[in-house]
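Participant: Counting from 5, one number per residue, gives the positions in the sequence shown under the working numbering.
Hints are computed from structural coordinates only; laboratory data are not their basis. On a predicted model such as this, the values are computed, not experimentally measured, just so you know. You may find that some hints are simply not true.
[Stated by the list, open to error] The calculated lysine-lysine pairs, modelled on BS3-like cross-linking and capped at a C-alpha distance of 30 angstroms, are:
hint : residue 1 : residue 2
1    : K266      : K306
2    : K233      : K266
3    : K413      : K401
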Amino acid sequence: MTANTTSQPDITSFIERWASSGAAERANYQIFLTELCDVLNVPRPEPTRINEDENAYVFEKAVVFHHGDGTTSTGRIDLYKRGCFVLEAKQGSDQNNQPQPELVPRTRRARRGTAVRGTQSWDQAMMAARGQAEQYARALPASEGRPPFLIVVDVGHSIALYSEFSRTGGAYVPFPDSARFRIPLRDLEREEVRELLRSVWTDPLALDPTQRSARITRDIAERLARLAKSLEASGHKPERVASFLMRAIFTMFAEDVRLVPKSGFTELLESIRGQVTIFPDMVESLWRAMAEGSFSPTLRQKLLRFNGGLFESAEALPVTDEELELLIEASRADWHDVEPAIFGTLVEQALDPVERHKLGAHYTPRAYVERLVLPTVIEPLREEWAAAQAAAVTLAKAGKLDEAIVEVKRFHQHLCNVRVLDPACGTGNFLYVTLEHMKRLEGEVLTALEDFGEQQRELIEVDPHQLLGIEVNPRAAAIADLSVMDRPPAMAFPHAGQCAAARACLEEVS
Numbered sequence: 005m006t007a008n009t010t011s012q013p014d015i016t017s018f019i020e021r022w023a024s025s026g027a028a029e030r031a032n033y034q035i036f037l038t039e040l041c042d043v044l045n046v047p048r049p050e051p052t053r054i055n056e057d058e059n060a061y062v063f064e065k066a067v068v069f070h071h072g073d074g075t076t077s078t079g080r081i082d083l084y085k086r087g088c089f090v091l092e093a094k095q096g097s098d099q100n101n102q103p104q105p106e107l108v109p110r111t112r113r114a115r116r117g118t119a120v121r122g123t124q125s126w127d128q129a130m131m132a133a134r135g136q137a138e139q140y141a142r143a144l145p146a147s148e149g150r151p152p153f154l155i156v157v158d159v160g161h162s163i164a165l166y167s168e169f170s171r172t173g174g175a176y177v178p179f180p181d182s183a184r185f186r187i188p189l190r191d192l193e194r195e196e197v198r199e200l201l202r203s204v205w206t207d208p209l210a211l212d213p214t215q216r217s218a219r220i221t222r223d224i225a226e227r228l229a230r231l232a233k234s235l236e237a238s239g240h241k242p243e244r245v246a247s248f249l250m251r252a253i254f255t256m257f258a259e260d261v262r263l264v265p266k267s268g269f270t271e272l273l274e275s276i277r278g279q280v281t282i283f284p285d286m287v288e289s290l291w292r293a294m295a296e297g298s299f300s301p302t303l304r305q306k307l308l309r310f311n312g313g314l315f316e317s318a319e320a321l322p323v324t325d326e327e328l329e330l331l332i333e334a335s336r337a338d339w340h341d342v343e344p345a346i347f348g349t350l351v352e353q354a355l356d357p358v359e360r361h362k363l364g365a366h367y368t369p370r371a372y373v374e375r376l377v378l379p380t381v382i383e384p385l386r387e388e389w390a391a392a393q394a395a396a397v398t399l400a401k402a403g404k405l406d407e408a409i410v411e412v413k414r415f416h417q418h419l420c421n422v423r424v425l426d427p428a429c430g431t432g433n434f435l436y437v438t439l440e441h442m443k444r445l446e447g448e449v450l451t452a453l454e455d456f457g458e459q460q461r462e463l464i465e466v467d468p469h470q471l472l473g474i475e476v477n478p479r480a481a482a483i484a485d486l487s488v489m490d491r492p493p494a495m496a497f498p499h500a501g502q503c504a505a506a507r508a509c510l511e512e513v514s
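Working from the sequences, and respecting the hints, build out all of it.
Facilitator: Now the structure itself:
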């Protein structure tokens with residue numbers, strides 16, 4: 005059955021009615037999820053059939069656990085959709101809705117729900133629900149495949165998302181990150197939130213950020229390749245073209261992550277339309293200010309200092325009107341979504357075919373990079389984190405909250421001391437992907453610290469200095485440095501403030 009289009013008043017009514025619902029997930033969750041499907045305008049779950057293979061989108065999907073002693077047991081997934089998600093439902097209760105002492109006790113015990121929201125017990129219950137959902141996902145037969153999403157629902161309160169887009173047995177991580185993975189029920193009033201959940205139900209792989217990044221990166225690389233060829237056709241040497249474009253790209257990144265004023269570079273380029281003869285002077289003035297950390301007349305602001313070699317030369321090549329438009333189009337892109345592999349494309353522009361073959365400088369697809377990085381670096385770290393997390397939860401349940409916090413901090417310090425060496429790093433793709441996954445894991449660790457009530461911010465953090473690379477070609481090595489050092493601020497990590505991100509970038513690039 006496909007639901008009809010839901011009006012805004014209907015959505016508001018749904019939210020208000022369920023926000024005040026009682027704490028009894030087994031009685032409520034199927035009704036709640038059925039109505040949620042209507043709100044999202046997606047089909048409702050189907051009736052369960054006798055043939056388990058036909059149960060592709062059902063409540064109470066049966067899964068068989070195979071134990072080490074040869075025995076089996078059966079569990080049931082609250083809501084399952086093949087190729088999309090495993091959903092586990094709970095229902096907490098609000099502090100102001102807790103039962104009050106009565107002069108005459110009721111014969112029936114009041115329902116208290118999973119835990120009181122906003123407490124450590126609730127955080128632990130949600131963590132346990134996520135672990136239960138992952139156990140169900142791993143217990144699914146191979147014929148089902150691994151779903152890209154786990155969903156943990158607190159009925160009437162929130163919807164938490166975890167993703168594993170490779171579907172190869174990796175760890176499920178908060179989606180899109182550890183700051184935004186839990187969606188409050190009230191946010192369903194926003195169309196973009198409903199569209200996100202609609203995609204989880206109907207086309208989850210479309211949410212894979214690496215696929216989006218790959219598409220955007222290819223598009224940007226194509227534009228910049230056209231620009232590079234045009235500049236070379238004007239008589240500029242490939243090395244000068246590559247260096248010019250690297251400075252331009254870095255500046256585009258920098259404005260999107262607020263290391264320079266937002267949209268400052270884009271607006272500067274747009275202001276030059278119709279008078280391209282002033283392009284070199286205007287842009288070189290900006291880049292000299294970035295190299296010196298001085299006041300920029302073009303942006304009317306004092307800038308941070310970027311002097312790690314990239315801006316030793318502030319040369320800006322003359323451009324035509326058409327070439328300026330290509331730069332403007334590239335600058336308007338959201339560089340948060342651009343893979344640093346684009347720097348490798350620029351290296352190729354500056355290397356002859358013999359060097360290119362020797363270095364293997366061609367673009368390496370991210371999926372291939374992750375097939376090496378995840379099992380060798382990230383999965384062992386995640387196993388250690390799972391053990392530390394379980395130990396911390398056990399300590400917290402025993403009332404030893406301080407010891408639980410120490411356990412999590414101990415793992416965080418270990419994570420910040422891990423060093424990774426790529427002995428043939430090329431343009432840095434493997435190092436960058438490693439850093440991105442380590443920062444993502446760090447976000448989960450810091451969120452766990454907050455959940456345990458720790459208020460003091462950690463003085464150390466995962467940063468690019470933990471990554472080491474060896475590369476024989478100095479230009480490729482410079483690009484690797486730029487890729488790894490520039491990219492971290494562009495990641496939307498909730499616990500890496502702008503100043504910390506800027507320091508991580510500037511210590512090497514400046």
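Participant: Against each hint, give a clear statement of whether it holds in the structure.
Facilitator: Hint by hint, here is what the structure shows:
1. K266 <-> K306: holds (14 angstroms)
2. K233 <-> K266: holds (29 angstroms)
3. K413 <-> K401: holds (18 angstroms)
This entry satisfies every hint, going by the numbered hints stated previously.
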